[in-house]
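Given the sequences, and given the hints that come with them, work out the whole structure.
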Amino acid sequence: MATKRAAIYCRISNDREGRELGVQRQEEDCRALIERLGLEVARVYVDNDISASTRSSKPRPDYQQMFADAKTGDFDVIVSYTSGRLTRRPREFEDQIDLAVEHGIQYKYVRSPEFDLNTAQGRRIARTMAAQDIGEAEEVAERIERAKAQTAAAGGYRGGRRPFGYAEDGMTLVHTEAAEIKAAADALLAGGTLNGIARGLNQRGVTTSTGNEWTGSSVARLLRRPRNAALIDHGGEIIGAAQWPPVLDEATWRAVMAILQDPSRRKPGPSERWLLSGIARCGKCGATVEAGRTGSRKRPTSQPRPVYQCSVRREMARDARELDDFITALVIDRLSRADALELLQTPGDDVDIKALHAEAFELRRQKDEATDMWVAKTIDTRQYGRATAALDAELEAIEARLAEVSRRSVFDGVVGTNVEESWSALALDRRRSIISELLLITLQPARRGRRPGWRVGENYFDPDSVSVQWIR
Numbered sequence: 001m002a003t004k005r006a007a008i009y010c011r012i013s014n015d016r017e018g019r020e021l022g023v024q025r026q027e028e029d030c031r032a033l034i035e036r037l038g039l040e041v042a043r044v045y046v047d048n049d050i051s052a053s054t055r056s057s058k059p060r061p062d063y064q065q066m067f068a069d070a071k072t073g074d075f076d077v078i079v080s081y082t083s084g085r086l087t088r089r090p091r092e093f094e095d096q097i098d099l100a101v102e103h104g105i106q107y108k109y110v111r112s113p114e115f116d117l118n119t120a121q122g123r124r125i126a127r128t129m130a131a132q133d134i135g136e137a138e139e140v141a142e143r144i145e146r147a148k149a150q151t152a153a154a155g156g157y158r159g160g161r162r163p164f165g166y167a168e169d170g171m172t173l174v175h176t177e178a179a180e181i182k183a184a185a186d187a188l189l190a191g192g193t194l195n196g197i198a199r200g201l202n203q204r205g206v207t208t209s210t211g212n213e214w215t216g217s218s219v220a221r222l223l224r225r226p227r228n229a230a231l232i233d234h235g236g237e238i239i240g241a242a243q244w245p246p247v248l249d250e251a252t253w254r255a256v257m258a259i260l261q262d263p264s265r266r267k268p269g270p271s272e273r274w275l276l277s278g279i280a281r282c283g284k285c286g287a288t289v290e291a292g293r294t295g296s297r298k299r300p301t302s303q304p305r306p307v308y309q310c311s312v313r314r315e316m317a318r319d320a321r322e323l324d325d326f327i328t329a330l331v332i333d334r335l336s337r338a339d340a341l342e343l344l345q346t347p348g349d350d351v352d353i354k355a356l357h358a359e360a361f362e363l364r365r366q367k368d369e370a371t372d373m374w375v376a377k378t379i380d381t382r383q384y385g386r387a388t389a390a391l392d393a394e395l396e397a398i399e400a401r402l403a404e405v406s407r408r409s410v411f412d413g414v415v416g417t418n419v420e421e422s423w424s425a426l427a428l429d430r431r432r433s434i435i436s437e438l439l440l441i442t443l444q445p446a447r448r449g450r451r452p453g454w455r456v457g458e459n460y461f462d463p464d465s466v467s468v469q470w471i472r
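Oh and the sequence shown: position 295 is 295 in UniProt numbering, straight run, nothing missing.
Some clues are possibly wrong.
Unchecked claim - The calculated lysine to any residue pairs, modelled on SDA-like cross-linking and capped at a C-alpha distance of 20 Å, are:
{"hint": "1", "residue 1": "K182", "residue 2": "S217"}
{"hint": "2", "residue 1": "K71", "residue 2": "L99"}
{"hint": "3", "residue 1": "K4", "residue 2": "K108"}
{"hint": "4", "residue 1": "K182", "residue 2": "A355"}
{"hint": "5", "residue 1": "K182", "residue 2": "R221"}
{"hint": "6", "residue 1": "K182", "residue 2": "A229"}
{"hint": "7", "residue 1": "K108", "residue 2": "P90"}
{"hint": "8", "residue 1": "K108", "residue 2": "R36"}
{"hint": "9", "residue 1": "K182", "residue 2": "M171"}
{"hint": "10", "residue 1": "K367", "residue 2": "L395"}
{"hint": "11", "residue 1": "K354", "residue 2": "P226"}
{"hint": "12", "residue 1": "K108", "residue 2": "D62"}
{"hint": "13", "residue 1": "K182", "residue 2": "L260"}
{"hint": "14", "residue 1": "K182", "residue 2": "L231"}
{"hint": "15", "residue 1": "K354", "residue 2": "Q366"}
{"hint": "16", "residue 1": "K284", "residue 2": "R314"}
{"hint": "17", "residue 1": "K58", "residue 2": "F93"}
{"hint": "18", "residue 1": "K108", "residue 2": "R124"}
{"hint": "19", "residue 1": "K4", "residue 2": "H103"}
{"hint": "20", "residue 1": "K71", "residue 2": "E92"}
{"hint": "21", "residue 1": "K71", "residue 2": "V46"}
{"hint": "22", "residue 1": "K108", "residue 2": "E94"}
{"hint": "23", "residue 1": "K284", "residue 2": "A446"}
{"hint": "24", "residue 1": "K367", "residue 2": "A397"}
{"hint": "25", "residue 1": "K4", "residue 2": "D74"}
{"hint": "26", "residue 1": "K4", "residue 2": "V110"}
For the record, the hints were derived by calculation from the structure and aren't laboratory data.
Set out below in structure tokens:
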């Protein structure tokens with residue numbers, strides 16, 4: 001008689017350390033049971049850090065794959081540590097019964113009783129036990145939720161993974177990480193991008209609290225946290241002050257939130273890796289240029305070089321490094337002049353930019369609240385229209401003011417210093433923001449032949465083929 005094949009399913013709801021120690025222990029115990037039963041391991045399925053409760057809607061990819069494999073006859077038995085490791089969802093439990101009845105799958109557990117699901121009595125007892133298990137799990141979840149709500153109301157730490165910037169207790173600052181949060185907030189307020197901030201963190205060897213590299217999305221989640229300003233949120237609403245020390249003052253956090261929630265903000269995408277891609281324009285069609293690589297057609301073995309080329313026509317190409325150096329020299333010269341400080345001053349130098357961002361954030365919240373009231377029919381369409389029109393007018397005025405004064409932050413720490421040293425220390429996003437504030441750059445068709453004075457062996461770059469219009 002052929003040896004029956006068994007699938008092992010392991011799951012843990014909350015792996016705070018990200019080490020998968022819980023599922024490893026489950027697998028060891030399941031393998032020991034399989035050996036005692038004389039079965040053969042077909043495959044191990046693992047869903048780590050995923051709940052199977054009725055309150056969770058998070059998909060379990062390995063659980064779903066295991067059921068699909070069972071229906072094709074890949075194994076005869078499913079082995080798990082307990083029945084609750086498989087599921088606490090009534091609908092999924094019925095699916096397990098269907099799998100037993102229609103495909104002959106058996107279930108074996110290390111720590112749970114077994115039932116013959118091919119008999120009516122076995123199914124009745126199993127359903128009763130499952131309902132009791134589900135009920136107890138939901139009661140525990142309710143107690144935890146009440147405890148978290150009480151902790152939140154008191155401003156305490158509710159537990160979970162270690163929050164970046166704080167120690168395991170959630171209350172003590174990790175100063176090196178807190179400094180990174182401040183730097184990320186400053187970079188965003190100065191015109192930086194989420195992807196650019198993430199790239200800088202990764203280049204410096206800074207990881208998330210679980211040891212992963214940063215992405216634009218994870219930086220956004222980090223900066224959105226009310227805990228950064230020592231605020232407690234519950235159910236998506238700020239309900240009071242927290243007991244832990246803040247990383248950012250509340251005005252700065254609300255300014256960051258205003259930027260992240262601004263509907264006009266460009267959707268996240270791949271960050272630019274070259275100085276002028278998306279900034280300089282094609283002199284033939286007006287489209288922006290993008291970075292690419294090209295080699296010599298006459299010398300196929302030559303090394304490809306980075307170039308800027310029209311993103312639409314792709315007819316013109318300029319050596320990217322030479323163009324970057326040319327524009328960089330112009331910018332450094334401009335910012336090094338005696339009148340640079342005067343030219344870069346704005347009429348709003350006495351305006352609190354953070355306060356303006358915070359006000360814009362509050363106006364958007366009021367618009368959302370008005371929308372909710374209209375959907376709930378507590379106000380009619382006419383009232384909703386008047387309310388949103390007034391809020392839009394205030395928001396438009398603030399955004400115009402911000403556009404007028406926010407340019408100042410782009411140049412902070414650059415003008416009035418050793419500009420060349422300051423420039424070399426800037427992140428790419430910051431350099432791009434400064435260039436966008438200072439210049440309009442257009443790449444014109446290059447003249448035929450070489451420029452006067454060119455010698456064999458020299459790189460060929462014609463500055464006359466680059467039109468530069470100073471904005472400031």
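Okay, the hints, checked on the actual structure:
Among the hinted pairs, K182 with S217 is consistent with the structure: their alpha-carbon atoms are about 17 Å apart, no more than 20 Å. For the given pair, K71 sits about 7 Å from L99 by alpha-carbon distance, which is consistent with the 20 Å threshold. Proximity of K4 to K108 is assessed by CA-CA distance (about 13 Å); at most 20 Å being required, the pair is judged to hold. For the given pair, K182 sits about 17 Å from A355 by alpha-carbon distance, which is consistent with the 20 Å threshold.
Among the hinted pairs, K182 with R221 is consistent with the structure: their alpha-carbon atoms are about 14 Å apart, no more than 20 Å. Of the supplied pair hints, the one linking K182 and A229 holds, its CA atoms being roughly 11 Å apart against a limit of 20 Å. Taking the CA atoms of K108 and P90, the gap is about 19 Å. The hint holds against a cut of 20 Å. Taking the CA atoms of K108 and R36, the gap is about 12 Å. The hint holds against a cut of 20 Å.
Taking the CA atoms of K182 and M171, the gap is near 17 Å; set against the 20 Å cutoff, the hint holds. The suggested pairing of K367 with L395 holds, with an alpha-carbon distance near 10 Å, which does not exceed 20 Å. Pair hint K354 plus P226 holds up; C-alpha atoms about 16 Å apart against a cutoff of 20 Å. A distance of roughly 18 Å separates the Cα atoms of K108 and D62; the hinted pair therefore holds under the 20 Å criterion.
Distance restraint check for K182 and L260: the Cα-Cα separation of roughly 16 Å lies within the 20 Å cut-off, and the hinted pair is therefore satisfied. For the given pair, K182 sits about 16 Å from L231 by alpha-carbon distance, which is consistent with the 20 Å threshold. Simply put, K354 and Q366 have alpha-carbon atoms about 19 Å apart, close enough for the 20 Å limit, and the pair holds. Distance restraint check for K284 and R314: the Cα-Cα separation of roughly 11 Å lies within the 20 Å cut-off, and the hinted pair is therefore satisfied.
Proposed proximity of K58 and F93 is supported: the alpha carbons are some 17 Å apart, at most 20 Å. Proposed proximity of K108 and R124 is supported: the alpha carbons are some 18 Å apart, at most 20 Å. For the given pair, K4 sits about 14 Å from H103 by alpha-carbon distance, which is consistent with the 20 Å threshold. Between K71 and E92 the CA atoms are separated by roughly 15 Å; this keeps the pair inside 20 Å, and the hint holds.
Proposed proximity of K71 and V46 is supported: the alpha carbons are some 18 Å apart, at most 20 Å. Distance check on the hinted pair: K108 and E94 sit about 17 Å apart at the alpha-carbon level, within 20 Å; holds. Restraint check for K284 and A446: the C-alpha separation of about 11 Å stays at or below 20 Å, so the hint holds. Proposed proximity of K367 and A397 is supported: the alpha carbons are some 15 Å apart, at most 20 Å.
A distance of roughly 10 Å separates the Cα atoms of K4 and D74; the hinted pair therefore holds under the 20 Å criterion. A threshold of 20 Å between alpha carbons decides the hint, and for K4 with V110 the separation of about 18 Å falls inside it, so the pair holds.
In summary, the structure agrees with every hint in the numbered list given earlier.
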